[in-house]
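There are 2 protein chains.
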Amino acid sequence: MSDQLSQTFSALADPTRRAMIARLSRGEASVSDLAKPFLPRMSLPAVTKHLKVLERAGLITKTKEAQWRPCRLNGEAFKNVVDWMEQYRVFWEESLDRLDVYLKSVTARKNAKGRKNARKK
Amino acid sequence: MSDQLSQTFSALADPTRRAMIARLSRGEASVSDLAKPFLPRMSLPAVTKHLKVLERAGLITKTKEAQWRPCRLNGEAFKNVVDWMEQYRVFWEESLDRLDVYLKSVTARKNAKGRKNARKK
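Chains as they are written, first to last, in our numbering: chain E, 1 to 121; chain R, 1 to 121.
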């Protein structure tokens, strides 16, 4: 049996499931609502299977309040991923810093070129 | 072919690979250094395969500077995951808020019990 965090990462490793998450981030939805955009190229059982993977991974839950049992996102699973990522903050911030240095050098070169062209005129 | 983000999430969905990332977060390491803690229960080809998955996912790179070509973490792939997670911040923060409310209620109950016991003495 896979550990919970591995199951969550594995569930996120699919563009269809990420699209379903994006849809649910705009509000609760029934299984048939969630299935609609995928049905032309995907069968209903395939859609249901994807939803089950998301549910087992803890990323979505089916509410018990309404009779149509809508799906909703479950923040806790997202929080677990973010907590794990947090340990490596220094690495992803380093990558941001490098982007910043690059953008500054591009702007500086652009400005220098601008000044050169202005002198030529 | 899988998209890059799916490949990254898929690479993270394994405790051995996450342990290798934890090791690399403490500094660069050669393949044999990385393999050491896993070798009693894992073969070297199995370790190498895990490292290849991490490399294809962009999470680690092999530096070209030293002759022993150490592995290091690549912040960019981590950044891509964090950027994707960021869209769902409202959901994981909601889960934090719920934890906060719970902890406050536990503390309040504990304090009330403490006061009750103090009055008894």
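Errors might be hidden in some of the hints.
No distinction is drawn between identical chains; accordingly, a pair holds when it is met within one copy or between any pair of copies.
With a straight-line cut-off of 30 Å between C-alpha atoms, the simulated DSS-like cross-links for lysine-lysine are [as the list claims (entries may be wrong)]:
| id | residue 1 | residue 2 |
| --- | --- | --- |
| 1 | K36 | K62 |
| 2 | K52 | K113 |
| 3 | K113 | K64 |
| 4 | K64 | K52 |
| 5 | K79 | K104 |
| 6 | K110 | K79 |
| 7 | K110 | K36 |
| 8 | K104 | K49 |
| 9 | K49 | K113 |
| 10 | K52 | K79 |
| 11 | K49 | K110 |
| 12 | K104 | K64 |
| 13 | K52 | K110 |
| 14 | K62 | K104 |
| 15 | K79 | K64 |
| 16 | K113 | K62 |
| 17 | K104 | K52 |
| 18 | K110 | K62 |
Hints were generated in silico from the structure; no laboratory data involved.
Problem set entry | Numbers of the earlier hints that this structure fails to satisfy, in rising order | 2, 3, 7, 8, 9, 11, 13, 16, 17 and 18
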